[in-house]
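Assemble the whole structure, with the sequences as input and the hints as a guide.
Protein chains: 2
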Amino acid sequence: MKQKKDITIVGGGLVGALLAIYFAKRGHKVKVFERRPDPRKTSVYAGRSINLALSDRGWKALRDAGLEQEIKRIALPMYHRGIHQPSGEYVRQPYGQPGQAIYSVSRGGLNIALLNAADAFDNVELFFNRKCVEVDFQTTEVKFLDSSSNEVVVKSDYIFGADGAFSGVRGEMMKTDRFNYQQEYISHGYKELNIPAGPDGQFLLENNALHIWPRKDYMLIALPNLDGTFTCTLFFPFEGEYSFATLTDAYTARKFFQENFSDALALIPDFENQWQQNPVSSLCIIRCYPWVRNQTALIGDAAHAIVPFYGQGMNSGFEDVEVLFQLLDSQSNWDKALDEYQKLRKPDADAIADLAMRNFIEMRDLTADPKFLLQKKIEARIQQKYPDLWTPLYSMVTFSHIRYSEALKLGKIHDQIMESIMNRPDIHSIWESEEIENEIITKLKAIKA
Amino acid sequence: MKQKKDITIVGGGLVGALLAIYFAKRGHKVKVFERRPDPRKTSVYAGRSINLALSDRGWKALRDAGLEQEIKRIALPMYHRGIHQPSGEYVRQPYGQPGQAIYSVSRGGLNIALLNAADAFDNVELFFNRKCVEVDFQTTEVKFLDSSSNEVVVKSDYIFGADGAFSGVRGEMMKTDRFNYQQEYISHGYKELNIPAGPDGQFLLENNALHIWPRKDYMLIALPNLDGTFTCTLFFPFEGEYSFATLTDAYTARKFFQENFSDALALIPDFENQWQQNPVSSLCIIRCYPWVRNQTALIGDAAHAIVPFYGQGMNSGFEDVEVLFQLLDSQSNWDKALDEYQKLRKPDADAIADLAMRNFIEMRDLTADPKFLLQKKIEARIQQKYPDLWTPLYSMVTFSHIRYSEALKLGKIHDQIMESIMNRPDIHSIWESEEIENEIITKLKAIKA
Numbered sequence: 001m002k003q004k005k006d007i008t009i010v011g012g013g014l015v016g017a018l019l020a021i022y023f024a025k026r027g028h029k030v031k032v033f034e035r036r037p038d039p040r041k042t043s044v045y046a047g048r049s050i051n052l053a054l055s056d057r058g059w060k061a062l063r064d065a066g067l068e069q070e071i072k073r074i075a076l077p078m079y080h081r082g083i084h085q086p087s088g089e090y091v092r093q094p095y096g097q098p099g100q101a102i103y104s105v106s107r108g109g110l111n112i113a114l115l116n117a118a119d120a121f122d123n124v125e126l127f128f129n130r131k132c133v134e135v136d137f138q139t140t141e142v143k144f145l146d147s148s149s150n151e152v153v154v155k156s157d158y159i160f161g162a163d164g165a166f167s168g169v170r171g172e173m174m175k176t177d178r179f180n181y182q183q184e185y186i187s188h189g190y191k192e193l194n195i196p197a198g199p200d201g202q203f204l205l206e207n208n209a210l211h212i213w214p215r216k217d218y219m220l221i222a223l224p225n226l227d228g229t230f231t232c233t234l235f236f237p238f239e240g241e242y243s244f245a246t247l248t249d250a251y252t253a254r255k256f257f258q259e260n261f262s263d264a265l266a267l268i269p270d271f272e273n274q275w276q277q278n279p280v281s282s283l284c285i286i287r288c289y290p291w292v293r294n295q296t297a298l299i300g301d302a303a304h305a306i307v308p309f310y311g312q313g314m315n316s317g318f319e320d321v322e323v324l325f326q327l328l329d330s331q332s333n334w335d336k337a338l339d340e341y342q343k344l345r346k347p348d349a350d351a352i353a354d355l356a357m358r359n360f361i362e363m364r365d366l367t368a369d370p371k372f373l374l375q376k377k378i379e380a381r382i383q384q385k386y387p388d389l390w391t392p393l394y395s396m397v398t399f400s401h402i403r404y405s406e407a408l409k410l411g412k413i414h415d416q417i418m419e420s421i422m423n424r425p426d427i428h429s430i431w432e433s434e435e436i437e438n439e440i441i442t443k444l445k446a447i448k449a
Numbered sequence: 001m002k003q004k005k006d007i008t009i010v011g012g013g014l015v016g017a018l019l020a021i022y023f024a025k026r027g028h029k030v031k032v033f034e035r036r037p038d039p040r041k042t043s044v045y046a047g048r049s050i051n052l053a054l055s056d057r058g059w060k061a062l063r064d065a066g067l068e069q070e071i072k073r074i075a076l077p078m079y080h081r082g083i084h085q086p087s088g089e090y091v092r093q094p095y096g097q098p099g100q101a102i103y104s105v106s107r108g109g110l111n112i113a114l115l116n117a118a119d120a121f122d123n124v125e126l127f128f129n130r131k132c133v134e135v136d137f138q139t140t141e142v143k144f145l146d147s148s149s150n151e152v153v154v155k156s157d158y159i160f161g162a163d164g165a166f167s168g169v170r171g172e173m174m175k176t177d178r179f180n181y182q183q184e185y186i187s188h189g190y191k192e193l194n195i196p197a198g199p200d201g202q203f204l205l206e207n208n209a210l211h212i213w214p215r216k217d218y219m220l221i222a223l224p225n226l227d228g229t230f231t232c233t234l235f236f237p238f239e240g241e242y243s244f245a246t247l248t249d250a251y252t253a254r255k256f257f258q259e260n261f262s263d264a265l266a267l268i269p270d271f272e273n274q275w276q277q278n279p280v281s282s283l284c285i286i287r288c289y290p291w292v293r294n295q296t297a298l299i300g301d302a303a304h305a306i307v308p309f310y311g312q313g314m315n316s317g318f319e320d321v322e323v324l325f326q327l328l329d330s331q332s333n334w335d336k337a338l339d340e341y342q343k344l345r346k347p348d349a350d351a352i353a354d355l356a357m358r359n360f361i362e363m364r365d366l367t368a369d370p371k372f373l374l375q376k377k378i379e380a381r382i383q384q385k386y387p388d389l390w391t392p393l394y395s396m397v398t399f400s401h402i403r404y405s406e407a408l409k410l411g412k413i414h415d416q417i418m419e420s421i422m423n424r425p426d427i428h429s430i431w432e433s434e435e436i437e438n439e440i441i442t443k444l445k446a447i448k449a
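From first to last, the protein sequence lines stand for chains A and B. Everything in the first sequence is counted per UniProt numbering, starting at 1 for the first residue and increasing by one. Everything in the second sequence is counted per UniProt numbering, starting at 1 for the first residue and increasing by one.
If you are wondering where the hints come from, they were derived from the structure by calculation, not from laboratory data.
Identical chains share a label here; the pair holds if one copy fits it or two copies do between them.
In silico DSS-like links for lysine-lysine, alpha-carbon gap of 30 Å or less:
| # | residue 1 | residue 2 |
| --- | --- | --- |
| 1 | Lys175 | Lys5 |
| 2 | Lys41 | Lys175 |
| 3 | Lys175 | Lys131 |
| 4 | Lys131 | Lys143 |
Just so it is clear, the structure is predicted and the values come from calculations on it, not from any experiment.
Listed below in structure tokens is the structure:
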């Protein structure tokens with residue numbers, strides 16, 4: 001096979017654009033086909049502004065593409081969770097060690113930056129309004145429809161399906177024998193609401209925090225945007241006493257917000273309007289396997305869509321790209337590399353899918369729980385004293401490159417240890433004692449041995 | 001809504017045809033659209049003869065349709081498992097009480113009988129070579145392509161997707177929001193082989209048994225056909241040391257059969273030819289929910305495809321029809337009846353999916369195990385003495401109309417009790433004792449209390 005290859009990337013979203021850059025830097029000839037119009041020319045996020053939390057895995061993949069500094073300029077660090085208790089109390093809970101942060105970025109802004117970076121390569125061509133309707137896994141050909149419904153067939157050496165949760169490439173794989181697939185919608189959906197900037201463009205809530213209003217069965221969150229606004233997202237059940245099914249009109253919704261999120265409501269002047277205009281979106285977990293059929297591979301959400309509660313959807317997709325290129329760069333047999341990629345990455349995709357659902361429970365249920373906050377303090381203390389022995393699960397996922405599957409495994413061990421520690425009736429008075437410290441470390445060493 | 005309704009049934013297989021008969025008997029106007037050609041005119045089962053085991057749930061649904069006697073004429077009772085041990089020993093293990101049997105029927109023959117019965121109604125129209133390509137759940141319209149690729153749109157009051165494991169109607173539901181779906185291929189596939197009849201048309205194996213050659217990781221089974229032949233099915237892993245991947249040629253396959261199934265091999269004169277000609281098919285479990293979108297409902301394999309190891313695929317589909325009509329017959333609000341149908345039936349579909357996988361392990365693993373055979377004897381004895389207290393799981397599933405979900409629950413209780421009984425070191429000598437009997441009954445009563 002020739003040294004430089006023809007690559008077709010289906011999907012020009014975040015992962016597709018980054019993937020194009022990785023291939024382009026290595027001299028391959030890349031064509032990217034995106035179903036939607038060019039986001040640099042038209043707004044494509046009707047009623048959903050969507051911001052994402054970039055963390056270490058995502059940054060690493062961007063750094064390897066030479067984009068870290070550029071993206072940092074459109075990202076806002078969030079150093080802690082800002083928890084708005086039902087009592088009105090506001091509690092800060094650091095995400096990690098001092099200086100560690102996750103970064104709020106706009107999905108649209110990041111996508112545009114990545115598309116521009118890809119477009120700057122001579123060996124990258126971008127096509128928009130191209131819908132993937134057929135993939136031939138034998139001949140490595142993809143058929144697209146353009147905006148006038150003309151058929152275009154593209155043949156290349158390798159095809160990558162980076163076309164998101166509702167991937168057309170995956171849809172074609174589903175027609176092949178022995179393709180395992182699951183789409184699972186969770187009980188909750190979401191609606192976005194916007195908090196405008198203050199009179200002088202200033203932030204009306206603390207801007208270096210991810211705000212959470214945890215309310216057990218549901219929660220509101222808010223992430224800062226560059227322009228001084230916040231994007232709020234209400235995660236709320238579809239059915240039940242308090243649900244999208246019962247908050248049918250803006251008046252009822254306002255009353256509900258008044259009772260549950262009065263401080264947020266006070267910052268949304270046109271609440272009724274937003275409530276009526278903005279859609280309710282559902283949340284889906286997608287699992288499938290295999291990810292590779294001959295010379296066609298799935299990547300990012302197309303291979304593993306997860307719920308957003310760990311802020312790892314994009315980060316895991318970016319890490320897919322990085323892991324893929326570790327394998328492609330180290331051997332000449334790409335077919336073998338693709339097989340290794342799917343085998344290596346599948347357990348990590350499954351792990352982050354599980355972790356994200358766990359974090360939903362934690363965010364809406366537990367951040368309001370004083371015992372949970374104490375546990376986090378104990379864990380942070382142990383981490384500081386024994387950094388080689390104890391990294392909290394959240395930090396492993398967010399601020400490290402430990403495999404997700406490994407992080408999940410270690411996290412379960414931590415849970416087990418902390419459960420017995422937190423069950424001590426005197427834990428509130430002795431949490432900083434040497435006794436507790438020794439107990440944790442002894443248990444940890446016993447398990448690891 | 002008018003009293004008599006227009007019904008569109010997508011799929012003219014076993015469940016579709018039976019469903020048509022149920023609706024027709026009640027005076028509704030039924031149109032059935034089948035993707036394949038009319039099986040009464042052409043053979044549609046290339047390389048797969050497929051026979052099925054009809055049991056009590058299936059018979060009940062056929063009885064209610066007035067078809068029991070007719071179908072009995074094309075069905076062969078199998079009263080026991082005929083187990084071909086690796087040692088060459090042949091062991092009979094009754095399926096139930098004396099007289100109880102499951103019945104071998106040809107899928108093709110049964111389908112033809114049901115289509116003829118449906119066709120006999122003036123208010124049923126059958127269409128073949130009609131592929132469902134689109135469903136509009138708002139207008140209750142289905143678009144079909146005929147064999148010349150002409151589009152036909154059919155509007156009706158209700159649509160039923162009885163179009164099997166790879167249902168087109170379900171494919172359309174998958175495009176609607178919050179539709180949960182899973183397709184899971186198991187590690188094993190199958191290949192069919194035929195044992196011809198003897199010189200005078202006689203059966204070359206015992207004809208009132210379902211023959212099993214259990215070999216732990218794989219198994220061969222054989223079911224009798226009306227013409228004196230047997231259809232053998234080899235259930236075999238796709239990958240691994242002994243697998244479809246390694247038995248690549250007929251010579252290697254013959255050698256393997258000689259070592260593992262020599263008595264069966266001796267009855268297949270053209271083994272090499274069959275091995276090469278007959279395809280390897282995969283086995284898929286399909287779960288989804290909801291089953292109903294407005295006036296469109298899924299039924300049978302379209303709603304819940306399972307593995308064949310409990311012989312309940314068709315039976316559960318037929319029971320779907322019966323349960324559906326219990327609900328439709330008892331109320332005028334069909335939309336409500338459809339919602340009740342999906343809520344009632346989903347847990348039973350999940351249960352039989354699990355039970356069928358469990359029975360795979362049991363069939364290939366345990367039927368060769370003397371301890372398992374002893375356990376079956378003890379259970380049969382308890383059942384005979386305490387018929388109101390103890391029905392073995394297999395009998396609940398096969399010879400009763402207890403909900404599958406209930407059977408699974410009770411089966412787990414039985415497992416728990418029998419585990420401790422079978423762990424007694426002296427069980428072989430005292431299995432018929434009053435002590436064992438009392439222990440089982442006491443435990444059972446304790447759990448049920």
